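Enquirer: In case you want the letters, here they are:
Protein chains: 2
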Amino acid sequence: MVQKKRLVVIGGVAAGMSAASRARRRNPNMEVIVLEKTGYISYGSCGLPYYVADMIKDHNKLIIIPPKIAREKRGIDVRLFHEAVEINPSEKWVKAVHSESKERITFPYDKLIVSTGAGAAKPPIPGIDSKHIYVLRTLTDGVALKSYIDSGVPQKALIVGAGYIGLEMAEAFRIRGLEVTMVEMLPNILGTMDAEINAIVENELEKKEVKLYKDSTVSSFEANEAGEVKGVILEDGRRLEADLVLVATGIKPQVKFAEACGIQLGPTGAVAVNEKQETNIPDIYAAGDCAEARHLVTGKPAYIPLGTTANKQGRVAGENAAGGKGFFKGIVGTAVFKTFELEVARTGLSSVEAEKHGFNFVTAAITDKCCAGYYPGASAITIKLVMNKDDGRLLGAMMVGQRGVSKRIDVFATALYNKMTVEQISQLDLSYAPPFAPVWDPILIAANIGLKALKK
Amino acid sequence: MVQKKRLVVIGGVAAGMSAASRARRRNPNMEVIVLEKTGYISYGSCGLPYYVADMIKDHNKLIIIPPKIAREKRGIDVRLFHEAVEINPSEKWVKAVHSESKERITFPYDKLIVSTGAGAAKPPIPGIDSKHIYVLRTLTDGVALKSYIDSGVPQKALIVGAGYIGLEMAEAFRIRGLEVTMVEMLPNILGTMDAEINAIVENELEKKEVKLYKDSTVSSFEANEAGEVKGVILEDGRRLEADLVLVATGIKPQVKFAEACGIQLGPTGAVAVNEKQETNIPDIYAAGDCAEARHLVTGKPAYIPLGTTANKQGRVAGENAAGGKGFFKGIVGTAVFKTFELEVARTGLSSVEAEKHGFNFVTAAITDKCCAGYYPGASAITIKLVMNKDDGRLLGAMMVGQRGVSKRIDVFATALYNKMTVEQISQLDLSYAPPFAPVWDPILIAANIGLKALKK
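As you go down the protein sequences, you meet chains A and B in turn.
Residues in the first sequence are numbered consecutively from 1, following our numbering.
Residues in the second sequence are numbered consecutively from 1001, following our numbering.
Rather than coming from a laboratory, the hints here were simulated on the basis of the structure.
A hint or two may mislead.
Selected chain A positions facing chain B (Cβ under 7 Å, derived; list incomplete) [as the list claims (entries may be wrong)]: (1) 217; (2) 311; (3) 345.
All values reported here derive from a predicted model rather than from experimental measurement.
Glycine included, each C-beta is placed from N, C-alpha and C at the ideal position.
Next comes chain A alone, as it looks inside the complex (with noise of 0.2 Å):
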């Protein structure tokens, strides 16, 4: 009797699980052992900020297989609160700590996939240990926020870093009835995005009343003698009160037992991959938030840890480890958030990230409406394009509007894809009818402002 193959994989939740459920649909003969830190697997955890806000009362809801679905109907053995902490690639184990017990089991593999994911690091500022200072990136963190607000304790929200999540959380907060300041260190909010499409989001920001303190830095928080906080002091001196404080400055994948055991890096500092989302190691996979994924428009590794690319990759790592032949070709850099009535949109590169790869790029920015400007309720949209000078191509588009940015920018993402150059993209024969686009859709419109500025 031939023995079992067995595939461990480090980390549950989007890429882990995925890999799991692919692997055994896959070779149903394959042993496959999950190992998870927490006490959740498979959860959404986009979904963190509508949970958070109360639009979702149950945090079960975000949880998309639960381990008892998983272990009986698909054949998982899923191990919760084991943390992985050592690989040994030359004699094929795992060892892992049970967070409660502390026992330290190790389990020999025949196939491994890493999908540690990524971590919100809080930044090494003086009080940031008080009381009510959270992250959000588990379940687990997400859970203990919405306990807290739940207490009818906290007023006054302040939520250092203005990036997506800092954004969607700032609704949350306001939806729930708190008053909301953000603090940004940078002279700008949304990272690299262009600055037509900020200035839009921060317009919205004024009108929901929540206070943004741009190009400041957050250089200690203050506490009460209980330790909980009740403020931040920026580096140049201002004092804002806070009883609750989100810390959304970015994550970092978690590669750090990884590396230890020889697993080579990519320049971005998550895990190298190909497009088998084999790792350097042999037999060893990685997949998921930890991992780089190639970028189609530069052909270079990045690192851009979004959901979906967590689930594909995980897909392809389980297909793989299995004996199939998957492959993940790679990403655009497509992203979409909700924050107020705003739906903010972008795909491929910005202005900034264009310049930083060192193409010789024009732009274009345009204002329509999302629908017929005689249906009720149209909405403006504003579309930003960034174009290679040298041979027509889109390099990247970013777009906002109160309605139908989400999936019209899905458009571009396919075109990036596609290599398309924007005279391509102004004959595409896009859907029309007044409830849903101007006769002339704004991606059309942007292609032919583009195709303008292209000439000049």
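Given chain A's structure and the hints, the job is docking chain B onto it.
Expert: Only chain B this time, still in chain A's reference frame:
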């Protein structure tokens, strides 16, 4: 002094006014005359259902460029109530008749653009000339229909034809408080649309208390002594009451007098044009609902008259008539409409069309959610794909759901333009956030299920 070149444009709605505006912008020295047989130019006829529904109060809101603006701001010599009746290509003139004075005027031209549009023909059914039997094609039609509803007299509307105009109008009539019955000659609604989509639309009609008779032909209309319609008799002898009838059985290109002067029609019966919108006769262009367009999936000429195509073709005809170098590659058959709570869309070929064009094809259908399942208001979305079994290429996509259909279809439209395989589509980096999509967008789920169907 060089004499000004003169462009004459026949028809002043979408294609015609796009052409005229473009020509003037391209060459401000060109004289541009637009002959329009009705009293209106440049209106959004696709908005007529919403005007009749009284969601748009004033018909002037549908007018994009009023004649005064066209004349004063764009320098276009608009002649209302001028019906072109004859073209003489050898002597290069057009003859028009003024609909009131009956005066016949001859307009010499250097360049001519035929944008005569399409007509909603009333079929030759006994009694069709009774009062209160309408078509909905021109703004004049819409004003007459709405005015009758405004009178408060009609109670029971009957729509002949269950295509997209019929379905948009079913909603409009229900909004106005009318009972609605639809009679469709074919065994199915929506022409060549696949059954999975139609089943969902029919279910919606039932929910909204619209009575639908399929496989039913109207043999005559009944009128009272005053000549007002009172009902229809079906071929099987059944009688349906109605005091308002809308005939929405499709449209035909208006090409009679163009054909008479030797302008060649294509296999579809509309004017044959090349990528430059040139007809077979030198210096005569055609654009819009009277013309064909190349279907980029079949590679053959097609007749799918829509406002978007009309505008694009008009622009190219105007550009070229004024000495530029415009081109219009073609269409992929993208369309979307709203009926009650549903968005219904398609692009490329349906099963029936793939069959007709001799493709070796397979199909796949999925139903998933428009947004994250845990997000409030998540609703179902159904996608059907038609795929080329020989090379895995997408041939068409159809989609229906309450939200997120209209621009999602454009991803498939963009895929068709780029001749993408379903495997490539499964690799797309599409936008994701809980309010807008599940982490696996329905597009990706459909592509993955499609891949399985292709491998069978």
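Enquirer: The structure should be examined with respect to each hint, and the outcome stated for every one.
Expert: Do the hints match the structure? See the list:
| no. | hint | result |
| --- | --- | --- |
| 1 | 217 | violated (28 Å) |
| 2 | 311 | holds (5 Å) |
| 3 | 345 | holds (6 Å) |
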